[in-house]
Each structure stands twice: as structure tokens, then as C-alpha cells.
Amino acid sequence: MKFWVVRLVSLAVAFGFAFGADAWIAGSMPSAYRLAVLAGLFVTLAVSLNLINGITGQFSIGHAAFYMVGAYTTGFVSNQFYAQQPLGQPMWLIAMALLGAAASAVAGLVVGLPSLRLRGDYLAIVTLGFGEILRIVTQNISQIGGSYGMNVKPFGGPVQTLWVVLLLAFLCVSICRNLLKTAHGLPFVAVRDDEVASSAMGVRVSSVKVTAFVIGSAFAGAAGAMLAHAETFISPDMFRMDVSFIILTMVVLGGTGSITGSVVAAVVLFGIPEYLRTLQDPITKLPLAVPGQALLGSLVAVGLTVWGLREVSRRVHGNVQNRAVAYGGTLLGGAVVAWLFSVVFGLIPQIAALKFDVNMLRMVIFALTLIVLMLLRPQGIFGHHEFSWRWLGGLLGRRPREATA
Amino acid sequence: MAGLDLSILPQQLVNGLLLGSIYALIALGYTMVYGVLRLINFAHGEVFMLGAYAALFTSWALGFGPESRGQPPQSSALYLVIMLLVSMGACALIGALIELLAYRPMRNQPRIASLITAIGVSLFIQYAGGLFLPQSPPPAISEAVSPYRGVMTAVLKPPPADLAATIDEIRAREQAAKSLAEAAKAENKPEAKGLEEEYRSIQRDLRAKVGEADSQTVRITVPHGQLIMLVTTLVLMAVLRHIVLKTKTGRAMRAVSHDFDSAALMGVNVGRVVTLTFIIGSALAGAGAMMYATVLRTPLSPFLGVTPGIKAFVAAVLGGIGNIPGAVLGGLLMGVVETLVVWAGFSGFKDAVAFVVLIIVLLFRPGGLLGSSKVEKV
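Chain order of the listed sequences is A and B.
The numbering of the first sequence is this note's numbering, which starts it at 1 and goes up by one.
The numbering of the second sequence is this note's numbering, which starts it at 406 and goes up by one.
Any given hint could turn out to be false.
[As the list claims (entries may be wrong)] Quick list of in silico lysine to any residue cross-link-like pairs, SDA-like style, CA-CA up to 25 Å:
1. B:K562 to B:A749
2. B:K590 to B:E603
3. B:K755 to A:I136
4. A:K355 to B:Q540
5. B:K755 to A:M238
6. B:K755 to A:D237
7. B:K614 to B:A559
8. B:K755 to B:I625
9. B:K614 to B:D567
10. A:K355 to B:G535
11. B:K598 to B:R576
12. B:K755 to A:V243
13. A:K153 to A:I94
14. A:K355 to B:S541
15. B:K755 to A:N140
16. A:K355 to B:A533
17. A:K355 to B:F708
18. B:K755 to A:Y148
19. B:K755 to A:P114
20. A:K181 to A:H385
21. A:K181 to A:E195
22. A:K355 to B:Y532
23. B:K755 to A:R240
24. B:K755 to A:M241
25. A:K355 to B:F537
26. A:K2 to A:T182
27. B:K755 to A:D121
28. B:K583 to B:A570
[What the hints assert, rightly or not] Pulled from the structure, derived: some chain B residues nowhere near chain A, Cβ distances all over 12 Å:
29. A466
30. V486
31. P542
32. I607
33. R612
34. Q621
35. T626
36. R646
37. P704
[To be verified] Not the full set, but computed from the structure, chain B residues with beta-carbon under 7 Å of chain A:
38. I517
39. T522
40. L536
Hints were generated in silico from the structure; no laboratory data involved.
Ideal Cβ positions, reconstructed from N, Cα and C, are used throughout, including at glycine.
The whole structure should be built from the sequences, with the hints applied where relevant.
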């Protein structure tokens, strides 16, 4: 009884959140609408790759290909058939998400069946290879625009897609979470932890791997369908292997196997470059320009701070206050070093003459964030933990009640 | 497939081998690092890119700056050697630094964490390079230095004898007509115009015949620069082979690659071996980059390393990653296949074919061509 109440309430909250966010963002900050859609798509992508990479342990780095298959299939179908269908716009969007999922699931099956015999790095390079092959083939088919890309404008204008995207993300998260929490997911985790042992215990390793791969690809395909209809323009360049790398990074940075981690990392990593893009000089209203000495000074400071933090985490033990003081002191020291070095570098005229648009810097900062986070927390932000109310309580200093088994 | 021109096939094969030798040089770096650390060093392509820039800046320092285009100063082969050495040195330094700053702290962490760091380093170098490094045409030195000038031609199948005879005959007539026409012109005779026209028509004839003969000749033309490139590559590979097989360091490297922990227990200075591996691999990439920029005249951009990097990586996996002869074989194969695809008219698929070959090979030999696929034991 309680189970069903919880389920129904969760569903209601999810729907409420999806439609509420859609209405609120569309109403109050239309410029953020596109960003919210893309963030939702990245959450879906990261969580679905986490199912393959983190939960089943199959090292795939070609996720962008399935994203692309979904986008192109549904874009093409939408362009051809939207005019003569009776469904109406919202239902058509959902139908397209399903179609994209189906198309990518087939692609996932085709790619997965032969390549999942391979392991580790070989599997990684083969998935990367399939991704590139699919992209280059798309680039050479002129019927879908070739390398120029394809317009997807069946609705004749911008469409409200955020709620579909958010519901898709919710669906993806809940399916992965339920897999982890129920008996259906145990074979996946078993394959990750020890392939040989699990096959000895009667797990059908190949079928588990392929299942995970197909589910993951299907979600990527649905995300691709939403991308095509939200952006109204797709081109093969939007699905380069950098995109696969970024999705993989979200998974690892959040903590391999942690769904919460993937969600958080997806939002953060997508958000950092987008936030930097919008930064403006307070006076001139032009994109913020960073002087050369500040950039170099902070580079040096980041390096030293990371080194310092690593030393602190290795040497300083004891109570929370000691550690907080040590970490805080290191961060403060980093800020001082940044200031000192920027003053020193400012004395060198060649450096002081340099100015960098924050727009050009955003990928540098993105890459630095990756390196720094990995150096400081190799297991990812969340490790393999998940968000739970009890964990939150523990973080706030409340001692968790003993769980009754 | 109408346009398959068999007579240029040998030329294409040679071109493929030359291109492949560069891929092989880069692939060696990937495979050596993978051998000792089991890490896919995604930043290797960026080391390659920086090597090309080191060569460019050296050429500027030697007086071939962007403003000297047009009247190149006096030059010699020594300049090329200097550029090669600077490029190798710079890359070795950068490789060692990357290892020290980014990979060494990750040594005891899960491999995927190192991989993400590698991706981060690669992105960082690309985009930071975008801030500081200029987009530039290839170093002007390659047009000025004499060893790079000229070509070597080997004729495999001469044109048919009767065609050659016809050409000789027409050429003689052309000479005669030319001297006649010139003489007439010099004396301002009225028939000068007619003679001139006759001479032109014979010349056209000759050109047509020569063209015909050309299309029936099978020859291989290799610019001297590319020969130098090939020889340098072979020398470097021989040196590498000597280091790995004959020296104490090489033995340590092989031991670490065989079993990291046991090698450490046996008293091998593992940290030093890893650094040396990065230094050697990066230096090879630097040599490849210098030749890629000067001989193959590739325009420089901060994203130069991405495509050759990924292809060389594919080549390394193709040959069996961690296997040094495999990397060379894979690189050469990759170069040949790529050239053949362009020759067959599918130039749009040039970058995809590397992966097609890779996937086909891996499906039948999961450990790569020369690698051994281990059976996992419990």
C-alpha cells in the first residue's frame, strides 16, 4: 500500500515539475528555455551512458552516434510526414521520441552485438569507431543534407519541448534507478563487478551487456529526437566525438555508477561553458575580457592550490574543524597566490597587453575543471553513492536512525 | 566506378606508405605509453600539434619568418636537422611534463579516471593553444631548402615503343618547324604568320601524343622531401628498436610493460621508466610533426593534432596496442588504406575507413594484428 502511494506521489511530483518548469521558464525567462532543454537532454544522455558504462561496466565512448541516429531519423520522418498526420503536436513529439528510441535501439543492437565480445579499451575504440563511421556516412548522404545539415521545421516555429525533455529525463533516471534497486538490475551490476564470476553463477553475460547497450542507446535516441525538434537544425558536426567524450566525462566526473552523480555532473558541466558565455563586462556590456596577467596568475594558482589540497587531504586528519581550517587556508592561499602572480605578470608588458574574451576561455576553463576535479576526486563527485534523504540528513549532522532490516 | 585508374595505383601505394610512416611514428607513442601504463594517452595528438608549432617557431628563428616569404634567405640541410631536433626536444619535454603533472598523481586511481584526465589535458592544450598559437601556413623552409626540392622518378612500365617513336618523330618536326618560323619572323617575311601557325599545330599534336604516352606509362614520382622523411622515420625506428631490445633501459621498459608491479618489486625504477617512455614516445611524435608540417606542408592550427592523433591511435590498436612492431605495421596499413580509398573515389569516407578496417580486424583478431588476445583467467 505504502509502495503505491510513494510511487503515485513521485509520478505526480515528476509531472508537476515538468509542466511547472516548462510554464515557469517559458513565462519568466525565455532565453533560458533552450538551455533548460539542452541541460535536460544532457542529463538523459549522461544517465543512459551511465547505465552502459557505470552500471554494466562496458566502456563505451560512442554515445553521440546514437544521439545522432535518433535526431536524424525523427527529423527526416517529421519533415516528410508531419503534414499528413492526425496526432497533433504534443502527441507527435512523444511519438517522435519513441521512434527515435526505436531507431537508436536498433542501431545499438547492430553495434552492440558484434562489439560487446570485446573488452575494455578495445570495446572503447570500437564504439568510438562506430560513432565516427555513422557520422561520416551521414555526412555523405545528400538526401539528409550531407555535411551542411538538415532543417527540421515541421511545426513551422519554436515548439514547447521542455516538458517532454524533462519527462524523458525522469523516465531515464527512474528506469536506471529501479534497475539498480531491484532484482532485474543485479545481473548488470554482477557483470560489472566480475564478468567471469557472474557467468559462472548463471548470468547470461552477452545478453545482459547487449540489453544495457540497447536501453542506453534508446534513451540517447529519444534525446536526439528532442534535440532535432527543439533546435530545428541538425548537422553531423553536432555529434562529433567530442560530444561523446563530454558525455563520458559527465558520467565519470559524477561518479561511475552513481545516477545522482551523472545528473549533477551533466547539469554542472553543461552549465559552466554556457554560464561563461553569458558573462559580461559590467560597464561596457561587451563579453567580459580577461587580462593576460589574471589568466596566467590564476593558472599558476590553480596548479598550486590543487597540489596543496592534495597534500592537505593526505596529511591532515582529525576532526572536522581542523580539516575545514586546512582546506579553507589552502583555498585562501590559492587566492592570494593568484593575486600575487597576476601582479607580477602584470609587470611584463607583453603579458599585460594580452586580453582574452571569456568566450574563448570557456573551453579552457571547462578542460581545467575536468583535470582539477579528477585530480582532487578521482572517484567522481558522488563516488558510487546515490542521493538519499538519509544521506542528506547525515551531511547536515543528524545521525541516521538505525535502519531496520 | 568508372574512374579507377590502374596506372596510378603504384604511385598511390607509395604515397600511402609515406603517409603511413608518419602515422606509424605517432602510433609508436600511443602504443609505448599503453604498454607501460595501460593508459590511452589522448593528449598524444596534442603533443604532436605542439611539435609542429615548435618546428614552425624554429623556422621563424632561423629567419624564415612570415615576413620573409618571397625571398628566402640562404639555407641548408642543417636547418632541417635543427628543426627536427628542436621539435623532438620540445615534444619530449612536454610529454614528460604532462606525465609528471597530470598522469603521475593518478597512478593509483582507476584507469577510467586517468582516461578522463587525458581527455581533459587534450582539450586544455587544444583550447589554450587556440588562445596563444597563431593559425599559420606551413613553415616556409620547406620551399627553400634544397634537399626538399626535386623529385625522384622510377618508371615501372615505359610507354609502348611505337608511341615513343611517333613522339620522337613529331618532336623532330616540331623543332624544324620552330626554327623555320623563328627564322621567318626574324627576317620579317610575309609567310611568318603561316609558319608560326603550323608550328603551333605541330606543338598541339605533340602535347596530345605526350599526354597519351603519359597515361600509358606507369611511373612512381617521389619528392625528395618525402624520401628524406621515410629515411628519417626508418632511422628513428631502428634507434627505438635498439633502445628497447638492446639497452638496460629497454629491458626495464619491457619488464614494466610485462608486469608493472613485479617489475617494481624486482628493483626497476618504475617512475623513471614511465617518464622515459613518455619522453621517447613524445620525441617520436615531435619528429613526425616536424615532417608533417614541412614535408607534407600541412597548414598549422591548434586542432592539427586531432585527426592524425586519432588515426595513429587506431593504427596502434589495429597492430595490437602495446606492441611496437604492431604499431608500425598498423600505421603503414592505415596510410595505404586511406590513400587507396581516396584513389577509388570515396574521398568523403577517407576518415571513416580507418575505423572500418579496425572493426573488421578486431572482430576476427580481438587483440589486434600482432597482439595476443589473452584468455581471462580467474
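Here is what the structure says about each hint:
With a C-alpha separation of about 22 Å, the suggested pairing of K562 (chain B) with A749 (chain B) holds against the 25 Å cut-off. The hinted pair formed by K590 (chain B) and E603 (chain B) meets the criterion: a straight-line CA distance of about 13 Å does not exceed 25 Å. Restraint check for K755 (chain B) and I136 (chain A): satisfied, since their Cα atoms lie roughly 9 Å apart, inside the 25 Å limit. Of the pairs offered as hints, the one joining K355 (chain A) and Q540 (chain B) holds, with about 18 Å between alpha carbons and a cut-off of 25 Å not exceeded.
Between K755 (chain B) and M238 (chain A), the direct Cα distance comes to roughly 20 Å. Compliance with the 25 Å bound is thereby established for this hinted pair. For the proposed pair K755 (chain B) and D237 (chain A), the alpha carbon gap of about 16 Å is at most 25 Å, so the pair holds. As the CA atoms of K614 (chain B) and A559 (chain B) are separated by approximately 21 Å, the hinted pair is consistent with the 25 Å bound. A hinted pair counts as satisfied when its Cα atoms are at most 25 Å apart, and K755 (chain B) with I625 (chain B) qualifies at roughly 22 Å.
The straight-line distance between the Cα atoms of K614 (chain B) and D567 (chain B) is roughly 11 Å, inside the 25 Å bound, and the hint therefore holds. Annotation: proposed proximity of K355 (chain A) to G535 (chain B) holds, straight-line Cα distance about 13 Å (limit 25 Å). A hinted pair counts as satisfied when its Cα atoms are at most 25 Å apart, and K598 (chain B) with R576 (chain B) qualifies at roughly 21 Å. Only pairs whose Cα atoms come within 25 Å are accepted, and K755 (chain B) paired with V243 (chain A) is accepted, the gap being roughly 21 Å.
Our distance criterion of 25 Å between C-alpha atoms is met by K153 (chain A) and I94 (chain A), whose separation comes to about 16 Å. Taken as a hint, the K355 (chain A) and S541 (chain B) pair is honoured in the structure, with Cα atoms around 21 Å apart against an allowance of 25 Å. Distance check on the hinted pair: K755 (chain B) and N140 (chain A) sit about 11 Å apart at the alpha-carbon level, within 25 Å; holds. For the suggested pair K355 (chain A) and A533 (chain B), the alpha carbons sit about 13 Å apart, so the restraint of at most 25 Å is met.
About 21 Å separates the Cα atoms of K355 (chain A) and F708 (chain B), which keeps this hinted pair within 25 Å; it holds. Distance hint between K755 (chain B) and Y148 (chain A) is fulfilled; the C-alpha atoms sit about 18 Å from each other, no more than 25 Å. Distance restraint check for K755 (chain B) and P114 (chain A): the Cα-Cα separation of roughly 23 Å lies within the 25 Å cut-off, and the hinted pair is therefore satisfied. Taking the CA atoms of K181 (chain A) and H385 (chain A), the gap is near 13 Å; set against the 25 Å cutoff, the hint holds.
Distance check on the hinted pair: K181 (chain A) and E195 (chain A) sit about 20 Å apart at the alpha-carbon level, within 25 Å; holds. Simply put, K355 (chain A) and Y532 (chain B) have alpha-carbon atoms about 15 Å apart, close enough for the 25 Å limit, and the pair holds. About 16 Å separates the Cα atoms of K755 (chain B) and R240 (chain A), which keeps this hinted pair within 25 Å; it holds. For the proposed pair K755 (chain B) and M241 (chain A), the alpha carbon gap of about 16 Å is at most 25 Å, so the pair holds.
Of the pairs offered as hints, the one joining K355 (chain A) and F537 (chain B) holds, with about 11 Å between alpha carbons and a cut-off of 25 Å not exceeded. Straight-line distance between C-alpha atoms of K2 (chain A) and T182 (chain A) comes to about 17 Å, which keeps the hinted pair within the 25 Å bound. With a C-alpha separation of about 24 Å, the suggested pair K755 (chain B) and D121 (chain A) falls inside the 25 Å cut-off, and the hint holds. Among the hinted pairs, K583 (chain B) with A570 (chain B) is consistent with the structure: their alpha-carbon atoms are about 20 Å apart, no more than 25 Å.
With a cut of 12 Å on Cβ distances, A466 (chain B) stays outside the contact zone with chain A, its closest approach being about 17 Å. Once the 12 Å rule is applied to beta carbons, V486 (chain B) is consistent with being away from chain A; the minimum gap is 30 Å. With a least CB separation of 22 Å from chain A, P542 (chain B) remains clear of the 12 Å interface cut-off, as annotated. The claim that I607 (chain B) lies off the interface holds: its Cβ sits roughly 46 Å from the closest Cβ of chain A, which is beyond the 12 Å cut-off.
The beta carbon of R612 (chain B) is kept farther than 12 Å from every beta carbon of chain A, the shortest such distance being approximately 37 Å. Taking the minimum C-beta to C-beta distance to chain A, about 33 Å, the non-interface status of Q621 (chain B) holds against the 12 Å cut. For T626 (chain B), the shortest C-beta to C-beta distance to chain A comes to about 30 Å, beyond the 12 Å cut-off, and the non-interface label holds. Separation of R646 (chain B) from chain A is adequate, the least Cβ-Cβ distance of about 25 Å exceeding the 12 Å criterion.
Consistency note on P704 (chain B): stated as away from chain A, and its beta-carbon is indeed over 12 Å from all of that chain's, at 20 Å minimum. Given hint, I517 (chain B) at the interface with chain A, holds; its Cβ is 6 Å from that chain's nearest Cβ, closer than 7 Å. For the restraint placing T522 (chain B) at the interface with chain A, the shortest Cβ-Cβ distance is roughly 5 Å, inside the 7 Å limit, so the hint holds. Hint status for L536 (chain B) relative to chain A: holds, with the closest Cβ pair at about 6 Å, below 7 Å.
Violated hints for the displayed structure: none, as all numbered hints are satisfied.
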